[in-house]
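Trainee: As a plain string of letters, each chain reads:
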Amino acid sequence: MATAEIELDAGASAHPSTLARFYREHERSIIGGGTLLAVLLIWEGVARSGLVDPLFLSSPIQIVKAGIDLFEGGEIWTHIQVSGSEFLLGYALSVAIGIPLGLATGWYRRLSYLLGPFIDALNAVPRLTLMPIIVIWFGIGIWSKAVVAFLGAVLPILIATNSGVRTSEARYLQVARSFSASELKIFTSIILPGTVPFIFTGLKYGIGRALLGVVVGELYAATAGLGYMIGEAGDTFQTSVVFFGVLIFTATGLVSVGVLDALERRFETWRPKAGAAS
Amino acid sequence: MSTQTVIGEGHVERPPPLVRWYAEHRRAVFGTLVAILFLLFWEGLSRGWWADALRPLIGHAADPLLVPPIFISSPSRIAAEAWRMFVVTREIWSDLRFSAMEYALGLGAAIAVGMPLGLASGWYRRLSYAVGPFLAGFNATPQVALLPLIIIWVGFGLAAKILIIFALAVLPIAISAQSAVRTTDARLLKVAHSFGAGEWHLFRTIILPSAVPFLLAGLRLAVGRAMIGIVVGEIFGSAVGVGAMINRSGSRFETDKVFVGVLVIAAAGMLLAELVHQIERRVEAWRPSV
Amino acid sequence: MPMTIRLRSLKAAISASILALPLAVAPASPSSAADLIPFKIGISAPVVTVLPVWLAQSQGFYEKEGLKVDVINMEGGSKGIQVLLSGNIQGMHVGVAPIVLANKAGAELRAITSTINTIPFTIFTTPDIKSPKDLKGKNIGISSFGAETDIAVTLMLQKFGLSRSDVTISQLGGSGKRLAALLAGRVDAVPLIEPTITIAKEKGFNPLMDLEAAKTPWIFDSVVVTRTYLREHADILTRFVRAYVRAAYLALSDEKAAKAEMIKRFKNEDPAVIDATYADFKRTMPRDAAPSIEGAENVIAQLQGAKFEIGSTDPNDYLDFSIIDRLKKDGYFAQMEKEYPIK
Chain F
4 MATAEIELDA
14 GASAHPSTLA
24 RFYREHERSI
34 IGGGTLLAVL
44 LIWEGVARSG
54 LVDPLFLSSP
64 IQIVKAGIDL
74 FEGGEIWTHI
84 QVSGSEFLLG
94 YALSVAIGIP
104 LGLATGWYRR
114 LSYLLGPFID
124 ALNAVPRLTL
134 MPIIVIWFGI
144 GIWSKAVVAF
154 LGAVLPILIA
164 TNSGVRTSEA
174 RYLQVARSFS
184 ASELKIFTSI
194 ILPGTVPFIF
204 TGLKYGIGRA
214 LLGVVVGELY
224 AATAGLGYMI
234 GEAGDTFQTS
244 VVFFGVLIFT
254 ATGLVSVGVL
264 DALERRFETW
274 RPKAGAAS
Chain H
2 MSTQTVIGEG
12 HVERPPPLVR
22 WYAEHRRAVF
32 GTLVAILFLL
42 FWEGLSRGWW
52 ADALRPLIGH
62 AADPLLVPPI
72 FISSPSRIAA
82 EAWRMFVVTR
92 EIWSDLRFSA
102 MEYALGLGAA
112 IAVGMPLGLA
122 SGWYRRLSYA
132 VGPFLAGFNA
142 TPQVALLPLI
152 IIWVGFGLAA
162 KILIIFALAV
172 LPIAISAQSA
182 VRTTDARLLK
192 VAHSFGAGEW
202 HLFRTIILPS
212 AVPFLLAGLR
222 LAVGRAMIGI
232 VVGEIFGSAV
242 GVGAMINRSG
252 SRFETDKVFV
262 GVLVIAAAGM
272 LLAELVHQIE
282 RRVEAWRPSV
Chain P
-19 MPMTIRLRSL
-9 KAAISASILA
1 LPLAVAPASP
11 SSAADLIPFK
21 IGISAPVVTV
31 LPVWLAQSQG
41 FYEKEGLKVD
51 VINMEGGSKG
61 IQVLLSGNIQ
71 GMHVGVAPIV
81 LANKAGAELR
91 AITSTINTIP
101 FTIFTTPDIK
111 SPKDLKGKNI
121 GISSFGAETD
131 IAVTLMLQKF
141 GLSRSDVTIS
151 QLGGSGKRLA
161 ALLAGRVDAV
171 PLIEPTITIA
181 KEKGFNPLMD
191 LEAAKTPWIF
201 DSVVVTRTYL
211 REHADILTRF
221 VRAYVRAAYL
231 ALSDEKAAKA
241 EMIKRFKNED
251 PAVIDATYAD
261 FKRTMPRDAA
271 PSIEGAENVI
281 AQLQGAKFEI
291 GSTDPNDYLD
301 FSIIDRLKKD
311 GYFAQMEKEY
321 PIK
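Chains as they are written, first to last, in my numbering: chain F, 4 to 281; chain H, 2 to 291; chain P, -19 to 323.
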């Protein structure tokens, strides 16, 4: 209390107003939000001025209207359900395979010799180019897109996990070995916690790849889904619908990464500090 | 592993050369062996070797082991098709030239826009606040979803392909440029400031040189992302280009050709990434350690 | 195919466990549907030549044969064939040309019916394109590469002394989508089928080339299945074709029912369009619903001429008459003629 008052007195003449202080504390959000607002206003203004064909530009209000129409029409729920299933299936599969395989290839050198060439080769191939073959194998339903999403997401997750094991192995193994800890003990108490930040990096990267897979898969061959909806809307010049669909993908990406960030922070606080130090 | 080392230390005589060679190249030997086995397995599926071998034992249950080429092609078919397309008919070269051009233009535009934008937003804090939401949003979006919009804006032509490659490549470049500036050693800046260095001088002599490795790392990422654009940009059709070739061949059930195209794009991607990697090493060696 | 059997069982196992949730949300189907055999058929586009497939569905003919049929629009024939090979669908309504290409690559597909044995395309252009040579450098829309539209465009370009590299070819999907793209100015030329031919004429587009007038023998739209499915499920296919033929006869004899169906499916009430489309159907629908050997021979010859790589040149490697022949032998067509007298 006392010190605060003293400071107040000392800086009385130059003391910033509450508004300025508020600005200083929230400068980032104010500038960011302000710019966003300005861009939206200019966009709306240009669209309304008729300088540019609204067919090309749409406008923020038209996009919102299109969104409301889509939800009132109800058809969009089918698209969301289809794309959501594809994304979740593909992503879940890549997590279920990528993490264990990444841990195993990081831990067992021979397994990494065995699978390394395939992982490297598959990583070099832009998997989206396999789309024509994936349709022959898996058809036009949810599964073909789940597979593309899986192929996109599994490698970043696997490779990040793998390098996590190796990094923590190199860092701590000497110490642990010198205390003659058992293999299992080393793995669960040292390697695994050290690998988690890497896994999260892979998981976050994987989200983008899985979403990309869903979009490309649905643009290529689908009868439903948000990517399909965007493609259809593009064909019929419903620019607002396209924008709205793109925004749904943006939101999905932001929310998914946000959830992972929160999980990671939770893990950080729970993790024994010994592992976190460095 | 560790126990082996211990035993190794105990023995005085050196192992025979072949064993030593194997120990040194174990990874490569193992990898090559596995790759050859895999290719043989693949070839056998397509030619029905495994189905023929097992049929006397399990009868028709072996039939699924014979897979028609439309589903998986085969290594020999792919090699023959590649030979035909590259050497005999030379039909792939025009596709390659076209794709290389759109790739170079798209990536070039991404560098021209992404690097200055990233550097500037790393340098000017308020600019980074202003563009932050856009970068975050754009980064979270699968950029390919913009394809229908791009087609509405510029049609099906070359411009659409350049734009989609640009959209895929620009973010890794911009974001790495931004973080490059931010991670510059603050002590260096302080010292330079105390010597009265101007902003531009600071930027040129300290920021830029220390940013180069980050910029190159971003470029390496972008090189791979942009490859996707070649294929995706041509989903809806195009006269020429490797992506168009893959697409057309897929629709005509020419799976061999699809694989040739996929491998060509993979090889190009690896080659470019390796090129950037080599530059990175050069820069690393040349750069004065600070 | 053999591979997909394995994949499908894997898929079924996983999807049963994971997809249970979204499925549970779907409305419950009536209990009587439980004993109907599910059959999925793809169509390459919503056009006049699939009228029997639709009409049998809305008239309940499939249910009477014990089938529960889903009709899925694939927006492109060759994409539909890829999906057929994946096992997602059991039949695909498409022409014979893509079958020839697929069988070359090791697929074993057969056309077992036909709704049209000529090429029905008219190639429309924007009004500013007056002669074939104006096409140079322009953008031509097709449904998908390897589909009938792709081949029709190739044939047309050849006839005009142009090559594929003189134009840009874009994949747009079915006839309706191609017309929409032409209307929007995204492409300069597209091949169209009824009902879009009449609509395009009304909109003032230029019919540059009428392939139908040439009465070129072809098999343009037919029920295509894998040979394995034909061998193992001839019974299901027979039921399907019975319903399909009945619908074709109903459409031929009952103008009102046929037109009502078309208005519903094409979402177009313009009498000029519907009249022209119905007339087209009546003119081209073969009364025995059978693919023509002559059509298949011409498809093969034309593909060879257009430098496509093909396998067998024997039409019998692409057609299968067993189902139609059995119906003929059973007197099913005679019965149909009696039930649905064609005026």
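Possibly wrong hints are sitting among the right ones.
[Said to hold, decoys possible] Restricting the straight-line Cα-Cα distance to at most 30 Å, the calculated cross-link-like pairs of lysine-lysine (DSBU-like) are:
#, chain 1, residue 1, chain 2, residue 2
1, P, LYS262, P, LYS181
2, P, LYS118, P, LYS48
3, P, LYS181, F, LYS68
4, P, LYS139, P, LYS181
5, P, LYS244, F, LYS68
6, P, LYS236, P, LYS48
Source of the hints: derived by calculation from the structure; they are not laboratory data.
From a predicted model like this one, the values you see are computed outputs, not experimental measurements.
Trainee: Indicate, hint by hint, whether the structure satisfies it.
Mentor: Here is how each hint holds up against the structure:
1. Among the hinted pairs, LYS262/P with LYS181/P is consistent with the structure: their alpha-carbon atoms are about 20 Å apart, no more than 30 Å.
2. Distance hint between LYS118/P and LYS48/P is unfulfilled; the C-alpha atoms sit about 44 Å from each other, more than 30 Å.
3. As the CA atoms of LYS181/P and LYS68/F are separated by approximately 35 Å, the hinted pair breaks the 30 Å bound.
4. Proposed proximity of LYS139/P and LYS181/P is supported: the alpha carbons are some 23 Å apart, at most 30 Å.
5. This hinted pair checks out: LYS244/P and LYS68/F have alpha carbons roughly 28 Å apart, not beyond 30 Å.
6. Distance hint between LYS236/P and LYS48/P is fulfilled; the C-alpha atoms sit about 25 Å from each other, no more than 30 Å.
Hints 2, 3 from the earlier list are contradicted by this structure; the remaining hints agree with it.
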